[in-house]
Structures are given as structure tokens and as C-alpha cells.
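Join these two chains into a complex; the hints should help.
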Amino acid sequence: MGLLGGIYAIWLREVKRALRDRGQLIGGVSRPLLWVLIMGIGLNPYFRGEVFGEVRFVVPYTYLQFIFPAIIVLNIMYTSVQSAVSVIWDREFGFLREVLVSPMPRWAILFGKILGGTTIAVMHGCLVLVLARFTDVPMAWSTVFEALGWMTLLAFGLTSFGVIIANRIRSFEGFGVFSNAVILPLYFTSSSVFPLDPALTRAQTLVVYPEWLVFLVEANPLTYAVDALRGVFLNFNQFDPALGPIIMTAMAVGFFLLALWDFRKA
Amino acid sequence: MTGTEAPRPAIVVEHLSKRYGRMLALDDVSLSVGANDMFALLGPNGAGKTTLIHILCTILAPDGGSASVAGFDVKKQAVKARRNIGVVFQEPSLDDRLTAYENLNFHGLVYQVGGAERKQRITEMLELVELSDWRDKLVRTFSSGMKRRLEIARALLHNPRILFLDEPTVGLDAQSRERIWAYLDQLRRQRELCIVVTTHYIEEVENCDRVCIIDHGKILADGTPDALKAAHGSELVRVTPRDKAAAEAIRERYPDAKDGHGGTLVLAVDDVNFIDGFLASFGTRVSQVSLDRPSLESVFLSLTGRELRDKGADEQDRMRAAGRRAGRR
Chain A
1 MGLLGGIYAI WLREVKRALR DRGQLIGGVS RPLLWVLIMG IGLNPYFRGE
51 VFGEVRFVVP YTYLQFIFPA IIVLNIMYTS VQSAVSVIWD REFGFLREVL
101 VSPMPRWAIL FGKILGGTTI AVMHGCLVLV LARFTDVPMA WSTVFEALGW
151 MTLLAFGLTS FGVIIANRIR SFEGFGVFSN AVILPLYFTS SSVFPLDPAL
201 TRAQTLVVYP EWLVFLVEAN PLTYAVDALR GVFLNFNQFD PALGPIIMTA
251 MAVGFFLLAL WDFRKA
Chain B
1 MTGTEAPRPA IVVEHLSKRY GRMLALDDVS LSVGANDMFA LLGPNGAGKT
51 TLIHILCTIL APDGGSASVA GFDVKKQAVK ARRNIGVVFQ EPSLDDRLTA
101 YENLNFHGLV YQVGGAERKQ RITEMLELVE LSDWRDKLVR TFSSGMKRRL
151 EIARALLHNP RILFLDEPTV GLDAQSRERI WAYLDQLRRQ RELCIVVTTH
201 YIEEVENCDR VCIIDHGKIL ADGTPDALKA AHGSELVRVT PRDKAAAEAI
251 RERYPDAKDG HGGTLVLAVD DVNFIDGFLA SFGTRVSQVS LDRPSLESVF
301 LSLTGRELRD KGADEQDRMR AAGRRAGRR
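Chains as they are written, first to last, in my numbering: chain A, 1 to 266; chain B, 1 to 329.
If you are wondering where the hints come from, they were derived from the structure by calculation, not from laboratory data.
Ideal placement from N, C-alpha and C gives every residue a C-beta, glycine not left out.
Hints may contain errors.
[What the hints assert, rightly or not] Examples of chain A residues toward chain B, derived with CB under 8 angstroms: (1) Gly2; (2) Gly5; (3) Tyr8; (4) Arg13; (5) Leu100; (6) Ser102.
[Unchecked claim] Using C-beta positions, here's what the derived DEER-type ranges look like: (7) B:Arg293 x A:Arg168: 48 to 58 angstroms; (8) A:Ser179 x B:Ser66: 42 to 52 angstroms; (9) B:Tyr20 x A:Ala181: 26 to 36 angstroms; (10) B:Arg8 x A:Arg106: 26 to 36 angstroms; (11) B:Gln175 x A:Ile169: 32 to 42 angstroms; (12) A:Arg170 x B:Glu124: 36 to 46 angstroms; (13) A:Gly23 x B:Ala182: 34 to 44 angstroms.
[As the list claims (entries may be wrong)] Calculated pairs, DSS-like style, for lysine-lysine (alpha carbon to alpha carbon, straight line, at most 27 angstroms): (14) B:Lys258 x B:Lys218; (15) A:Lys16 x B:Lys119; (16) A:Lys16 x B:Lys137; (17) B:Lys119 x B:Lys80; (18) B:Lys119 x B:Lys137; (19) B:Lys218 x B:Lys75; (20) B:Lys244 x B:Lys258; (21) B:Lys218 x B:Lys76; (22) B:Lys75 x A:Lys265; (23) B:Lys218 x B:Lys229; (24) B:Lys76 x A:Lys265; (25) B:Lys258 x B:Lys229; (26) A:Lys265 x B:Lys80.
So that you can see chain B by itself, here it is in the shape it has in the complex (with noise of 0.2 angstroms):
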């Protein structure tokens, strides 16, 4: 814990569940976010993500277990709760046949900014995601960083207590990706905001509070990056075996090996000789070996399993994603 949790969180959600025909995708899920918290949600595809954030946003009901953010009851308050979060979804929600301004504006009168003040926000948020240039723009002229920016502008325009965003970086370019954590950064030095933020690239949770790994609806572990690594990261070894037999082999001698992408194999570090032994016997036998150190990386492979993104995109995304332009490996 970071010790800047507000006396009241800014999420509480306990014991939840939802379930898809015979498939559980959120199995008694507890957890609280403050106020103030920029908290992860980390797990591969299909893993509840989506769902907990949809439950949040009060537009899916959950089958059990009760939510609130920002005091208010999911189910029983959604109007409340609703005037009080922005939300990102995982796919695009501007209309492309309006401009940013329109679509900005068309937000302040949904969530009932009142005239001037909606004028002076929606200038804020264009200023912010740096769109200023473009705001008599059609949407659909925009790249895809660029409509996520202001898809993120958007959702800030109502000055909401708490900021959900669904995969925000997901099929946007490294340059895209970064910026829109720098808002983020910017954001929360200005002023109050929790932000709720699923991803599975491991790598843009490093700086989070408080990272939440969820896997099969579950939650595996919750703490900050610093606390998982501590309880649940080792320093591992990956290795690529020459062929079968080496592999084999390998597998052989370390039972509790786990397949790392791209056929290596992934053996934890349990003490200090542990690479001169390997080398010793397999050294002829791999043509690559590199060393992990403890990452959140390792605290999800020790955690689930396997690795993140080893998980292939099930046909929904990657459709979304060839639908989209930029360049996601």
C-alpha cells in the first residue's frame, strides 16, 4: 500500500461475480481503490478485465457481490455513480462524422456541464491531449493515437472523481503510447483523480500505484509493482534449446520449467550456482541464455504460469486490431 489511501476508497467492490453461460468470467472478486490511486488491472485477454470495468461503469449487471465507486452503488445508484467517472472503452466510441469539438460538446450536454463552463473545459482537455489544432476536425480524419487522446479528453471533460480506462494504449504506436501516459502523469499532479486502468503490456504498469493480476476471473494478486515482486518475482532464466532432445532434456532435469513465446524455456533462479550448474550440462545444448531480473514480468509468470502475452488474441481482437493502423508487433 502507498499509505496516500484516502480515509475513503474511491472504489469497493466485493465479492463479485459474473458469469457468461457456463463460462465464470469474474469469480468472487474483492478489492478497493482510493481516491487518489492509479491502479492496474493486469491479466491477458479474456482473463475479467473488461467485464469488471463494465460492471464498474454500471452498464453490466453483475450476478452477485455488490460494487460502488465513488460512493455510490452500481446497480441500485447507477445515475450517481455515472456523473462521477470517465470512462474509456476498448473500442472507439467517437462518432467519426462529427468534429473533436462536437463530439466534446455533445459529451458536456450529456453529463450536463453548464454552457460557459463547458466551453472553457472542452478548450482544457483539446490543450491537454494537444489537439487544440484540430478541433473543427472530423474525427475521422484522425489517427487512431490521436482519436484515443481525445476519447481520453472526453472522458475528463466532466471532471470526473475516477477515470476508468479499457486497454487505452492497446494498437497505438510507442510514441502514441507514451504520451498518453504522460497526460495521465499530468493529470493526477493537477489535481484528485483515481484512474483505473486495464493493459496487458506489462511494461506500462511499472509506474501504477497498486497492480491488480487477474487471471480466469480471479484475482491472483494485488499490491504495489514493488510489494509483487517482492512476494512473487524470482530472477529467472530464459533459454532457447537447440532442438527437441535438448529441450526434453532440459525439461527432464528442471520439472518446474514453464514454455516461455517463442520456444524458449523459462526456469527460475534458486540459487546463487544456479547458472554455472545449468551451463555445465546444457551449455552445448541452447543456443541463448539471458537472465531476468525480478519484473512483473516474472511475478505473472510464477503467478499463472505462463506469460503474458503468450496468450493468443482470441478473433474478436484481432479483428479489432487489424481494424486498426498503427503497429502492434
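The shape of chain A in the complex, shown without the other chains (with noise of 0.2 angstroms):
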């Protein structure tokens, strides 16, 4: 009880609200259908490029088996999003005030909020898992609760991060400009659609991309994300995979607390 009770409180409402979106749900359950079926279905015979004959794997893996783990984070980043953007629904709609003026601390309110963002999100990127057998991405056991794990820090940094933007932005003009202006680039940019290959140098890397393509796969965040789970499912990493928890960890503390410093003060 007691402020546990309270947190418990706002992330019950956080995840009935998302519960009861019609909207939300159909987006989480057609976004993967269509990036696997169709789009990964549909460009998998394509992945493996054939020169002068002979068959050479960019990676080793098809593209279903590539692209899967980054649809997870894809689903994550939409319904992480868009329960955090529901902060200003609620500012809006003056149900902000009802919490501000109860006796629970601020840090506590964020925290419940979060948490219950996270919690919708996780669902929806199990949503991505339910798919695996369609993919060839062996799914044992061990290997769901590793990613469960990953897949709940990520969807924390993200929803967080979320809040940080929605409690900067004074006009809503709808979620369409959250997915064109924030999600997808970020998406696009985390070598989720395509590879850089590790078996090649750098150099040889930047003859293949332009530089700024591929300065911005590395600055990107959420390239190292999309790439831990890739380690967890397919055992393959582009980077060094030390990288992925450090970057996760740091995102969901760092965004934690600019988020809760923006929160003090409004």
C-alpha cells in the first residue's frame, strides 16, 4: 500500500486506457503482420546478393531472420510513444491536475506513468514474437526471457523518451507527426531495413554507403538496440555487442531523469 499502491494505481489506468484503444491495438497487431509478411516475405529472396554467378551472403541469415528483431523494436517505439504523447492528452483534458494536486511525490506519478507505458509496449512486442515461426528465428525459452528483458529496458529509455518530447510540445496535432518526424527516421536509421555488413572494413563500408548514412546508423541509439536483439535471436551482432545493454541502460536512466527534471518543473 501507500505509495506503491498509488504507482500501481496510474500504471492500472496507464494500461486499461491502452487496453481499451481500438486504435492502438489494431496498429500494434497490423504493423508487425505487414513488415513480416509482406515486406519481409516479399524482399527475402532478394537479400542475398548474387555477383557474376556466385551467391555471396551479406549476412548469414535471411532477411525475415534479419529484419525480425527490428520490428520488435519498431513495435516498442510506436506504443511506447504514443502512451508516453498521451501526457499531453492528459494535460489537456485537465486529468494531469487530479494527480498534481494528490499527495503522490511527482517522481512517483512519472515513475506509475512509465511503467505502465512500458508494460503496453512489451505487450506489443510480443505481438512481434507471436510471429517467429513465420520467420525461421528459433525460439527457445531461455531465449524469450532474455529478450523479454531487453525488450522492457528498451520500451522504458523509449517511453520516457517520449514524455520528455510530449512535455515540449504546446500544440498536438495529432500522432501522425510523431511517427513521421520522430519514429520512423529514428527506425530507418538503426540498420533495422538493412545491414552494414561487419565482415567488411570500414573503408570498404563507406564505398558501399555514403558517409552520412552510415555516420547516422552509428550515432543512432537505437542501432545498438535493434542489434542486442539480434544477438539474443540469431546470435549475430554488427557491433560489439557490449555495446546494446550499455546504450539500453543508459537511455532508460538518462531519459528517466531529464524527464523527470521537465516533470518538477511544469
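Written out as C-alpha cells, the structure is:
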């Protein structure tokens, strides 16, 4: 009871609202279906480059296997940011006042909120896991649990990130803006849909791809989250495997603290 | 004063001031409210009522002065103060995707009301505001009157000592307004409760214990409705001139005439022969004459020089009103 009860109440409200939001659920289900069944299966045969009759694997996996971890990240990112954006609704429709005038400390309010968003995001991430059998990704229980751990950490960081953006937005034009201005750019530059072949040297990579794109991919923290999940599911890392956990932890802690700092001022 | 003043007041405000940019929203406001008082803050839109309520609810920091609610300083002991207050804000603050029960349960958890007590209080409060049958319905299906009632139930759930109601009846139909006042009366008969209410419906404050008239961030008068009427009220004559020329002529004769709503002029009755004198000179040039007994309306008029409802609603207010359903003339 006490403070935990309050955090539970805020968490429960987030989860209930999200489960009652049909639009969000439809997105959560249709996104992985489109990416796996249409894009994944469609591009699958073209992923192995054939150069002068010699099949040369870019990465030793099929395209479906390759993008599967990235689709989990995509679904988590959409849902996290969408949950966080409800901060704007709470502010506009007055519910935030009800919470701010309560004896709950600010950090607990924010923590409950972000925990709620995290829960929903991980659930949406699991909707992708269900499709694993279509993608030839081996799925042992130990893999699932390890993945769930990283997914939770990532979702917490991304929800905090969403809250930070939401707090800085004065006029709200709808979720489409977030989707186009934040989520998709981050997603596409996270080495999610194309690999930076780790077999190539840096000089060779820069021959294959323009320098600015390589820079964007390497600077995007999500790259390392996608890479960490690839490590879990496929045992394949394009980057140093230690980077993923470090960067995801840093995102979770850093973004939460920044969100809290914003929220205290509000 | 009503004589029921408890030894320790529920609210003490001393030299409070708050500034938004160049506008002074509260200007050296001091007052105290007894533990069992029904206290009304009366003033036009933008008078500073809501600012004062927000400071007392600890969600807005004052620029100067001090305030305490239930004995706790709103700045230094905000959390303790919050446990003792229930608030109904001007804008609805329910989650309309949750049911009535879920909204109340949320509140109970956040205010740390224990399990069994929480369930019992929720049942009691839903009964008080006659929403027991709507317990498991989503709030988005409620009318604005029902939402307001639910908000009152919610604000009382954790047994606060002080209940703040910011414009609780704005935008509601007459029947809902009456009901809300009936609940509040019923509550005060059951237990000691300090109620602070802001309104710009003057007829609603007649049965409050104390009325504080506020305008431009300053307290103009503070006392029981009767005391205020005795001190500031006068009999008023409200006349409707037939044309501009008549209005000009009346103004010339009675320079103290004030503008009422709808093109009327309001004159203070200063002696018994006033009406006779007025009718003798202007009887043919006015279309309507009516006499107002001393009321809080006339008190307000004589203190602020204008009528309460005359001041147009600001933009935000009008939008809010449009967003609500029930008619407010």
C-alpha cells in the first residue's frame, strides 16, 4: 500500500486505457503483420546478393530473420511513444491536475506512467514474437526471457523519451507527426532494414554506403538496441555486443531523469 | 461573522500576491476561513479567484505572502496540505475512458485510502451523488452534470477537511446546479467540513456563511451575505431608456448612474421620494422601470461599479462553455 498503491493505480490506468484503445491495438497487430508477412517475405529472396553467378551472403541470415528483431523494436517504439504522448491528453483534458494535486510525489507519478507505457509496449513487442515461426527464428524459452528483459529496458527508455518530447510540445497536431518526424527516421537509421556488413572493413563500408548514412546509423542509439536483440535471437552482432546493453541502460536511466527534471518544473 | 468560527481556522491567507507577466492576479490578499464555513469567492472572470484556489491547492506557487490550509503551509508542507483537501477544478478532470468506479478507485489508491475503507467510501460517495447505478459505466457516456457530481464524490473520497470547488456549477442546467448545492448542504449537516467555492452566479452564494467579493486581484468586501447587504447594498432602480437622448438626459441628471446589462441604467435609491421624482421627470422617456431590493448583486455593483455577469467571458471561457453541453443562457 501507500506509495506503491499510488504507482499501481497510475500503472493500472495506463494499461486499461491502452487496452480499451482499439486504434492502438489495431496498429500493434497490423504493423508486425505488414512488416513480417509482406515486406519480410517479399524481400526475402533478394537479400542474398548474387554477384557474377556466385552467391555471396551479406549476412549469414535470411532477410526475415534479419529484420525480425528490428520489427520488435519498431512495435515497442511506436507503442512507447504513443503511450507517452497521452501525457499531452492528460494535460489538455485536465486529468493531470487530479494527479498533481494528490499527495503522490512527482517522481512516483512519472514512474507509474512510464511503467504503464512500458508494459503496453512490451506487450506489443510480444505480438511480434508470436510471428517468430513465420521467420525461421529459433525461439527457446531462455531466448524469450532474455529478450523480454532487454525489451522492457528498451521500452522504459523509449517511453521516457516520448514523455520528454510530449512535455516540450505545446500544440498537438495528432500522432502522425510523431510517427513521421520521430519514429520512422529513428527506425530506418537503426540498421533495421539494411545491414552494415560487419565483414567489411570501415573503408569498404564507406564505399558501399555514403558516409552520412553510415554516420547516422552509428550515431543512432537504437542501432545498438536492434543489434542487441539480433544477438539474442540470431547470435549475430554487427557491432560490439557490449554496446547494446550499455546504451539501453543509459537510455532508460538518462531519459527517465531528464523526463523527471522536466516534470518537476511543470 | 457567524459565531461558529472554530478556534483554529481551516485556511489562513496572509498578504498573498501573484503576478502573471505584467498582470497582477492577486494583490495583497489576506483572509481566513473557519473549519466549518461555507465560504464563497465571488467575482467576475479574471478576478483572481482561480489563481487563489490554485495557490491554496498547492499547484501554483505564490510570488509573495503566505497561505496555509488545514494548518500546513502550502509551500513548505505541500504534501501534508494535499492530504487534507479535496478539489473540484473548473475544467473537468475525470478520465472519461474509465468507469465511475475506476475513477474513484484510482483516486482512493493515489490518496492511499486502505482497501476495505476505499470500497466502502466509494459506495457511500456514489450514493451521495446518486450515481450508484452508473458505477460501472464509462464516464464518457455521462452528461456534464453527472460528471460534476462524480468529481464532487471523488474530491470527498479521502475524507478531506477542506473542499475546494472552482466554479462547480458553470455550464450546468438549473436542475443539476440545484442538486449540487443540495449535496453540499447535506454533507455539511453530516460532518465538519470547510467548503470554499468560487462562482459568478450570485444567487448561489446567498446561503453561504461568508462571501468574499474579489475583483482585479483585490478583496473588496468580506462578510456574511446579510452584513454585506447592510453595509454596501442599496435599493436600486433599473430603468430602460427609450432612446439615446433619454439615456443622456438621465445621465446628466444622475451622474452616479451605472450601466446595467442590456442597455439599462441602474440608479441608487437615496431617499423615499426618489422614485416619484424620477418618474415625474422621465416617466415618459423610459420603457421599463424596476426596483431591486438590496441583494448581493447590488452589493457587487456598488463595490465594483459594474454588474457581475456583464463582463464578457474571455476567449478561453467561451470555448470551454461551447465544449460543454447544457445551456447557460
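*Broken hints, numbered, in rising order?*
none
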